[in-house]
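Go ahead and model the full structure; you've got the sequences and the hints to work with.
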Amino acid sequence: GGVGKSTVAVELALTLVSMGKKVGLLDVDLCGPSIPKMLSLDHHSIHQCPQGWVPVYTDASQQLAVMSIGFLLANKNDPIIWRGPKKHAMIRQFLADVCWGELDYLVVDTPPGTSDEHMSTVEVLRGLNPDGAILVTTPQALSVGDVLREVTFCRKTGLPVLGIVENMSGFVCPNCAECSNIFSSGGGEELAKMTNVPFLGRIPLEPRLAE
Numbered sequence: 001g002g003v004g005k006s007t008v009a010v011e012l013a014l015t016l017v018s019m020g021k022k023v024g025l026l027d028v029d030l031c032g033p034s035i036p037k038m039l040s041l042d043h044h045s046i047h048q049c050p051q052g053w054v055p056v057y058t059d060a061s062q063q064l065a066v067m068s069i070g071f072l073l074a075n076k077n078d079p080i081i082w083r084g085p086k087k088h089a090m091i092r093q094f095l096a097d098v099c100w101g102e103l104d105y106l107v108v109d110t111p112p113g114t115s116d117e118h119m120s121t122v123e124v125l126r127g128l129n130p131d132g133a134i135l136v137t138t139p140q141a142l143s144v145g146d147v148l149r150e151v152t153f154c155r156k157t158g159l160p161v162l163g164i165v166e167n168m169s170g171f172v173c174p175n176c177a178e179c180s181n182i183f184s185s186g187g188g189e190e191l192a193k194m195t196n197v198p199f200l201g202r203i204p205l206e207p208r209l210a211e
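The sequence shown begins at 1 in UniProt numbering and counts up by one.
Incorrect hints may appear among the rest.
[To be verified] Listed below are the simulated DSSO-like cross-link pairs for lysine-lysine, each with C-alpha atoms no more than 27 Å apart in a straight line:
#	residue 1	residue 2
1	K76	K37
2	K87	K156
3	K21	K37
[Unchecked claim] With beta-carbon atoms standing in for the labels, derived distance ranges:
#	residue 1	residue 2	range
4	N77	Y57	22 to 30 Å
5	H44	E190	35 to 43 Å
6	P198	A74	41 to 49 Å
No wet-lab data here; the hints were simulated from the structure. This one's a predicted model, so the numbers in the text were calculated from it and none came from an experiment. Backbone N, C-alpha and C define an ideal beta-carbon position, used for all residues, glycine too.
Here it is as structure tokens:
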């Protein structure tokens, strides 16, 4: 955890919206939902219509629809202590019972590792022929090892791996524009070569995202 998967998911969704696409952003990190806060939607709640749950939209254009268990919690600090079957039922509801409308893309943000949430998401999406997974790592060896296991998970479950992104890859000085490697460098690219997966690029560390 902590490699920036949610940040990359949000930026990907916003980029697609800027290209004129209609996008759904689904947060299936049931134990640590962060998407609502990242989009300044944490004080919003969802309501139901005859067809199911209505997602939260980021603006009046309704180009970006967001769904997260964070919208369902009366107290945002309440922990989610659920076993696998209840998690599976909730993810199935998110995917089947939300009024997403006509989407060009559905971006799914998952928790770290290869947990019940991953299994449930892949199982429910399998019949919809998903494009695949984008895996996010940081340059450190520990993170690279985690993503290697995720590559194996995707291949065993038949989910295509679209590519690997190396996040927090250096810090660009705002004054001189020189990039300094705070962590080790090149781990994501090496992993991509090792697993024969496309390397999609590096994203530098941006301190303003922590504000």
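Checked hints:
no.: 1; hint: K76 - K37; result: holds (10 Å)
no.: 2; hint: K87 - K156; result: holds (21 Å)
no.: 3; hint: K21 - K37; result: holds (23 Å)
no.: 4; hint: N77 - Y57: 22 to 30 Å; result: holds (25 Å)
no.: 5; hint: H44 - E190: 35 to 43 Å; result: holds (41 Å)
no.: 6; hint: P198 - A74: 41 to 49 Å; result: holds (43 Å)
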